[in-house]
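Heads up: the sequence lines are chains S and P, in that order. Residue numbering for the first sequence follows my numbering, beginning at 1 and increasing consecutively. Residue numbering for the second sequence follows my numbering, beginning at 471 and increasing consecutively.
Derived by calculation from the structure, the hints in this document are not laboratory data. Incorrect hints may have been included.
[Claimed, not checked] Straight line, CA to CA, 30 Å or less: simulated DSSO-like cross-link-like pairs of lysine-lysine:
(1) S:Lys394 <-> P:Lys496
(2) P:Lys710 <-> S:Lys385
(3) P:Lys855 <-> S:Lys26
(4) S:Lys394 <-> P:Lys851
(5) S:Lys135 <-> P:Lys507
(6) S:Lys381 <-> P:Lys855
(7) P:Lys645 <-> S:Lys26
(8) S:Lys135 <-> P:Lys496
(9) S:Lys37 <-> P:Lys710
[Unchecked claim] Calculated Cβ distances over 10 Å to all of chain P for the following chain S residues:
(10) Tyr29
(11) Lys30
(12) Asn58
(13) Gln60
(14) Asn104
(15) Asn112
(16) Ala129
(17) Leu199
(18) Arg200
(19) Asn218
(20) Gln253
(21) Asn408
[Stated by the list, open to error] Counterexamples of contact, computed for chain P against chain S with all Cβ distances above 12 Å:
(22) Lys500
(23) Glu518
(24) Glu539
(25) Val559
(26) Ser606
(27) Asp632
(28) Thr636
(29) Gln671
(30) Leu802
(31) Glu810
(32) Ala915
(33) Gln931
Beta carbons: idealized from backbone N, C-alpha and C, even for Gly.
There are 2 protein chains.
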Amino acid sequence: MNRIITVLIAFLYMFTYAQNDEATLKTIYKQSLTNGKSYEWLDYLSNEIGGRLSGSENAQKAVEYTKSELEALGLDKVWLQEVMVPKWVRGEKEEGKIILNNENSTIKIDVNICALGGSTATSDRGLQAKVVEVKSFEELEALGKAEIEGKIVFFNGAMQADLIHTFEAYGGCSKQRYSGAYEASKFGAVGVIIRSLSLRQDDYPHTGSMSYQDLPNNLRIPSAAISTNDANTLSELLKKDKNLEFYFKQSCQQYDDVLSYNVIGEITGSEFPNEYMLVGGHLDSWDLGDGAHDDGAGVVQSMEVLRLLKESGIKPKRSIRVVLFMNEENGLRGGRKYAEVATQNGENHVFALESDSGGFTPRGFSFDCSDNNLAQIEQWKSLFKPYLIHFFEKGYSGADIGPLKNENIVLAGLRPDSQRYFDHHHAANDTFEHVNKRELELGAATMTSLVYLFDKYGVNQIKGEQQIKD
Amino acid sequence: MNRIITVLIAFLYMFTYAQNDEATLKTIYKQSLTNGKSYEWLDYLSNEIGGRLSGSENAQKAVEYTKSELEALGLDKVWLQEVMVPKWVRGEKEEGKIILNNENSTIKIDVNICALGGSTATSDRGLQAKVVEVKSFEELEALGKAEIEGKIVFFNGAMQADLIHTFEAYGGCSKQRYSGAYEASKFGAVGVIIRSLSLRQDDYPHTGSMSYQDLPNNLRIPSAAISTNDANTLSELLKKDKNLEFYFKQSCQQYDDVLSYNVIGEITGSEFPNEYMLVGGHLDSWDLGDGAHDDGAGVVQSMEVLRLLKESGIKPKRSIRVVLFMNEENGLRGGRKYAEVATQNGENHVFALESDSGGFTPRGFSFDCSDNNLAQIEQWKSLFKPYLIHFFEKGYSGADIGPLKNENIVLAGLRPDSQRYFDHHHAANDTFEHVNKRELELGAATMTSLVYLFDKYGVNQIKGEQQIKD
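Put together the whole structure using the sequences plus the hints.
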C-alpha cells in the first residue's frame with residue numbers, strides 16, 4: 001500500500017511539474033506575441049540607427065541604445081565590456097562594368113558590385129583586366145599562373161540549391177569569398193570578383209569578410225562580389241568572348257583598431273549565482289543594409305529573453321546574462337574577449353544560446369554538447385510541440401559563443417527557417433521590412449522557454465564546482 | 471535456420487524498400503529545387519494574368535493558360551469541366567473617411583477601405599452615418615435596435631495573436647466578415663465596416679466573401695473592410711467622440727452567373743486506373759492583388775506534382791489527377807461540381823490533397839481521414855524528416871476537396887508555415903514578390919512525395935471495389 005501511495009505521489013508530482021511547465025511556456029509565448037518589445041527594439045536598431053559595422057559611429061550608437069534599453073528593464077547589472085575592434089570603411093559607392101571590345105566599338109555593361117569586407121581599394125582610376133572564371137580552388141590550381149597572371153579571377157561557384165539546410169549550401173562555397181583573393185593572388189591575379197553567396201537570382205551584391213592572411217601588402221589584390229544575375233551574365237558573355245574585360249573601382253580602407261564594447265546585462269541567480277547562462281547575438285552588422293536579420297533579430301530576441309523571464313514572473317536560480325557581442329562579422333573580437341574575461345574571472349558558464357540565423361519562424365535548436373546532455377534536453381522536446389518547434393539536433397551553435405566551448409558547457413543555436421535567409425544576408429535588402437513581427441517574437445519565446453527549462457532542470461556536468469542535477 | 475533466412479530476407483527487402491523511397495524523395499526534391507517549373511508558372515499567373523476573380527476575363531485567361539501548360543506536360547488526358555459561377559465586380563476604387571464634426575469645422579480622415587465580396591453598392595453619393603463599435607455578435611445583440619438603428623456597425627474583433635496556428639485565429643473572427651452585414655441588418659444598421667482579418671498592423675484592407683443569406687433586397691446593407699491601422703484609429707477616435715461619422719462609397723455589383731471551368735489533367739494509373747488520387751488548388755483569386763499566395767501557389771504546386779512524377783520516372787499505379795478548381799473564394803462551385811460529376815461517373819476517389827494555405831515553407835499535412843488510415847500514413851513520416859517536414863495531424867484539409875468526403879477517402883491539406891499568410895490574404899499585397907521560390911518548390915516536392923508514397927503503398931479502405939493494401 002505504501003508503495004502505491006509513493007508511486008501515486010511521484011506521479012502527481014511529475015504531472016503537476018509538467019503542467020507547470022506547460023503553463024509557463026504558454027505564458028512566455030503569449031507575452032512575446034501580445035506584449036513583446038523585440039519588434040519595437042528592432043525597428044529602432046534598423047531604422048533609427050541602421051547598418052552597424054564595427055568601429056563605425058552607428059555601432060557606437062547601437063552600444064549606447066541597447067545599454068540604455070537594458071537598464072530600463074531593471075536588471076541586476078548592466079555594463080559595457082571594452083574590446084578593440086578592426087575598422088574597415090567602404091568609402092564611395094563601388095562601380096563595376098563588363099567591357100566588350102568589338103572591332104569598331106566598345107560596349108560597357110553596368111554590374112551590381114560591392115567590395116568584400118577587409119579588401120583593399122583599387123587605384124583611383126579603377127582596375128581593368130581580362131577575366132578567368134573558375135568554380136573552385138581546384139580549378140584555379142589546374143589553370144595555374146599561365147592562365148591567371150595579370151587577370152581578374154571570377155569565382156562563380158553557386159550555392160547548392162538542393163540542400164535543404166541553406167547554411168550547408170553557404171558553407172560549401174563561403175571560402176571563395178573568404179580566401180579567394182589569397183588563393184588567386186598566388187598565381188598572379190590582379191583582382192578577384194565572386195558570385196554573391198545567395199540562392200536567389202537578383203541584382204543585390206552580398207558582401208562579407210575576406211582575409212589576405214599573411215600575404216605581403218603588394219599581393220593584396222582588390223576583391224569584390226557581384227550579384228547572382230550579373231554573375232550569370234558575365235559567365236554567359238565569357239563563353240562567347242574570352243577576351244572581354246572587367247572593370248571595377250572601390251575606395252575602401254582599413255584603419256587602426258578602435259575601442260568598442262560588448263553590451264552585457266544580468267539577472268543574478270537566486271540559488272546558484274556563480275553559474276552563468278548566456279543568451280546573445282551580435283550588435284555589429286554589415287554596412288549595406290540595416291542588419292535587421294543579421295543580427296539585429298538575434299540582439300533584440302536575446303534582450304527579450306530577459307524581459308520575458310521578468311514579465312512572466314520567473315526568478316532564475318542561475319545567473320542569466322544577455323551578451324550583445326561586438327565585431328562578429330569581421331573579427332570575432334567581442335566573442336573572444338568575452339570568453340577571455342570569463343576565464344580570467346573563473347566564471348562557470350553552463351549554457352550559452354546564440355541567435356544569429358535570422359529572424360524567421362523558429363524550428364528548433366542545434367546543440368553543441370555531449371550526447372548525454374542532448375538526451376537530457378530532448379526530454380523537454382514535447383513541451384515545444386504546440387509551438388511547432390521540432391528540430392533538436394547536434395550542430396554548430398554560433399560564432400560568438402564558440403570561444404566558450406569546453407566539455408561541460410551546453411552551447412545552443414536558435415534554428416529558424418533558413419530558406420529566405422541568404423536572400424538578405426550581407427546585402428542591401430537585409431532590412432527591417434523583411435522581418436515579420438510574429439516570426440521574430442516566436443523566436444524570442446522559443447529561446448526564453450529553453451532558458452527557463454535549462455535553468456530549472458539543468459543537465460549533468462562531467463565535472464565542475466558541483467553536480468548539477470536538480 | 472530457415473527462420474533466420476526468412477527474417478534476413480524480410481529485413482533486406484524492407485531495407486531496400488526504404489532505401490528506394492529515400493532515394494525517390496531525394497530525386498523529387500532535387501528536381502523541384504534545381505529544375506522546377508512552379509515558380510515560372512506562378513510568375514505568369516501573377517504578373518501576366520493577375521487577380522482572377524470568378525467570372526472575370528482574367529479567370530478565363532487562367533483557365534486557358536493552365537490548360538495549355540498541362541497539355542505541354544504530355545499527360546494522358548487534359549480537359550475542362552464546365553461550371554456556372556457567380557460574377558461580382560468591384561467597380562470603381564472605393565472611398566472611406568472618418569468625419570469629425572467639431573463646433574466650427576469638419577475634419578475628414580481618409581481610410582483604406584475595400585468592399586467585401588458579394589456586398590451591395592452604396593448610393594452614388596456614398597453612405598454616411600454614425601458608428602457603433604462591437605467586437606462580437608453577442609455585443610451587437612446586447613446593444614440592440616435602440617443603439618444600432620440608422621448607424622454603421624464597426625466590427626472590430628481582432629485575430630487572436632497568441633494562437634500559434636494563424637488559421638485558428640482567422641477562424642475565430644471570420645464570421646464578422648461573412649455574416650456581419652446579415653446580423654447587423656437585423657437591428658436596423660445601414661452599413662457595416664469590419665477590421666481587416668490580418669495579424670499585422672498596416673494600411674491594407676483585406677476583402678473576402680460575405681453573405682446576406684435570405685435577407686430581402688432592401689435589408690442588404692453595404693459591407694466593407696478597413697485596414698488594421700485604420701481600425702485602431704477609428705476605435706481610438708470613437709472613444710473621444712461617440713458622434714463621429716463614417717463615410718464610404720462603393721459601386722460593386724452582382725451580375726448573373728457565367729460559364730467557367732475547372733481545369734483537369736490526368737496521368738492514368740498503370741494497375742488501378744479506376745482509383746483516383748487528386749491534387750489541387752483553386753484557380754480563382756480575389757481581385758485586389760495578383761493572388762500569388764491565395765491560391766496561385768497551390769495551383770502551380772499541384773501542376774508541379776504531376777510534372778515531378780513524370781520527370782522523376784515514377785509511373786503511378788493509380789490515376790493521378792490535378793484539378794484546378796474555379797470559384798473557391800466566393801461560391802465553391804468548382805469543388806461542388808467536381809464531386810457531383812465524380813459521383814455521377816461512379817469514380818472511386820481514394821485520396822485528395824489540396825494546397826490552399828500559401829506558398830510558404832511546408833511544415834507537413836493535415837489529414838481528414840480515419841485514425842487507422844492516419845496511423846498508416848504516419849509510418850512514412852521518417853522519410854520526410856530530412857526535409858524538415860514534421861507536422862502530421864488530423865484537421866481540415868481544404869474547401870475544394872471537402873465535397874469529396876466520405877468514410878473511405880483520405881483528404882489531406884498541405885500545411886505551410888502560416889505566420890505571414892494573413893499579412894497578404896485577400897489584400898493588394900498578395901503578390902508574386904512575396905512568394906519565395908525555394909519555399910514554393912519545397913511545398914511542391916513535399917506534396918509529390920506524399921502522392922508517390924500513397925500511390926505506392928495505399929491505405930486500408932473500409933469498403934470499396936477492392937481492399938487496398940499493396
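Here is how each hint holds up against the structure:
For the proposed pair Lys394 (chain S) and Lys496 (chain P), the alpha carbon gap of about 22 Å is at most 30 Å, so the pair holds. A distance of roughly 44 Å separates the Cα atoms of Lys710 (chain P) and Lys385 (chain S); the hinted pair therefore is violated under the 30 Å criterion. Of the supplied pair hints, the one linking Lys855 (chain P) and Lys26 (chain S) holds, its CA atoms being roughly 26 Å apart against a limit of 30 Å. For the given pair, Lys394 (chain S) sits about 21 Å from Lys851 (chain P) by alpha-carbon distance, which is consistent with the 30 Å threshold.
Taking the CA atoms of Lys135 (chain S) and Lys507 (chain P), the gap is about 26 Å. The hint holds against a cut of 30 Å. For the hint linking Lys381 (chain S) to Lys855 (chain P), the alpha-carbon distance of about 16 Å falls within 30 Å, and the restraint holds. Between the alpha carbons of Lys645 (chain P) and Lys26 (chain S) the distance comes to roughly 27 Å, so the proposed pair stays at or under 30 Å and holds. A hinted pair counts as satisfied when its Cα atoms are at most 30 Å apart, and Lys135 (chain S) with Lys496 (chain P) qualifies at roughly 25 Å.
For the proposed pair Lys37 (chain S) and Lys710 (chain P), the alpha carbon gap of about 28 Å is at most 30 Å, so the pair holds. At the 10 Å boundary, the C-beta of Tyr29 (chain S) falls inside the reach of chain P, the nearest C-beta of that chain being 6 Å off. The Cβ of Lys30 (chain S) does not lie farther than 10 Å from every Cβ of chain P; its closest approach is about 4 Å, which violates its non-interface assignment. The claim that Asn58 (chain S) is not at the interface with chain P holds, since no C-beta of that chain comes within 10 Å of its own (minimum 27 Å).
With a minimum CB-CB distance of about 31 Å to chain P, Gln60 (chain S) clears the 10 Å threshold, and the non-interface call stands. The Cβ of Asn104 (chain S) sits about 38 Å from the closest Cβ of chain P, beyond the 10 Å cut-off, so the non-interface label holds. Distance check for Asn112 (chain S) against chain P: the nearest CB is about 18 Å away, which clears 10 Å, and the non-interface claim stands. Even its closest Cβ contact with chain P, about 33 Å, leaves Ala129 (chain S) beyond 10 Å, as expected for a residue assigned away from the interface.
Its beta-carbon lying about 6 Å from the closest one in chain P, Leu199 (chain S) breaks the requirement of being farther than 10 Å from that chain. Look at Arg200 (chain S): its CB is around 7 Å from the nearest CB on chain P, not clear of 10 Å, so calling it non-interface is violated. Even its closest Cβ contact with chain P, about 42 Å, leaves Asn218 (chain S) beyond 10 Å, as expected for a residue assigned away from the interface. Every CB of chain P is more than 10 Å from the CB of Gln253 (chain S) (nearest about 36 Å), matching its label as outside the interface.
Every beta carbon of chain P lies more than 10 Å from that of Asn408 (chain S), the smallest distance being close to 30 Å; the non-interface claim holds. Under the 12 Å C-beta cut-off, the non-interface status given to Lys500 (chain P) relative to chain S is violated; the minimum distance is some 4 Å. Under the 12 Å C-beta cut-off, the non-interface status given to Glu518 (chain P) relative to chain S holds; the minimum distance is some 19 Å. With a minimum CB-CB distance of about 21 Å to chain S, Glu539 (chain P) clears the 12 Å threshold, and the non-interface call stands.
The Cβ of Val559 (chain P) lies farther than 12 Å from every Cβ of chain S, with a closest approach of about 33 Å, so its non-interface assignment holds. With a cut of 12 Å on Cβ distances, Ser606 (chain P) stays outside the contact zone with chain S, its closest approach being about 19 Å. For Asp632 (chain P), the shortest C-beta to C-beta distance to chain S comes to about 4 Å, within the 12 Å cut-off, and the non-interface label is violated. Taking the minimum C-beta to C-beta distance to chain S, about 8 Å, the non-interface status of Thr636 (chain P) is violated against the 12 Å cut.
Not every CB of chain S lies more than 12 Å from the CB of Gln671 (chain P), the least distance being 8 Å, so the non-interface label is violated. For Leu802 (chain P), the shortest C-beta to C-beta distance to chain S comes to about 29 Å, beyond the 12 Å cut-off, and the non-interface label holds. Every beta carbon of chain S lies more than 12 Å from that of Glu810 (chain P), the smallest distance being close to 37 Å; the non-interface claim holds. Chain S draws Ala915 (chain P) into its interface by the beta-carbon criterion, the shortest separation being 10 Å against a cut-off of 12 Å.
Distance check for Gln931 (chain P) against chain S: the nearest CB is about 30 Å away, which clears 12 Å, and the non-interface claim stands.
Hints 2, 10, 11, 17, 18, 22, 27, 28, 29 and 32 from the list above are not met by this structure, while the remaining hints are.
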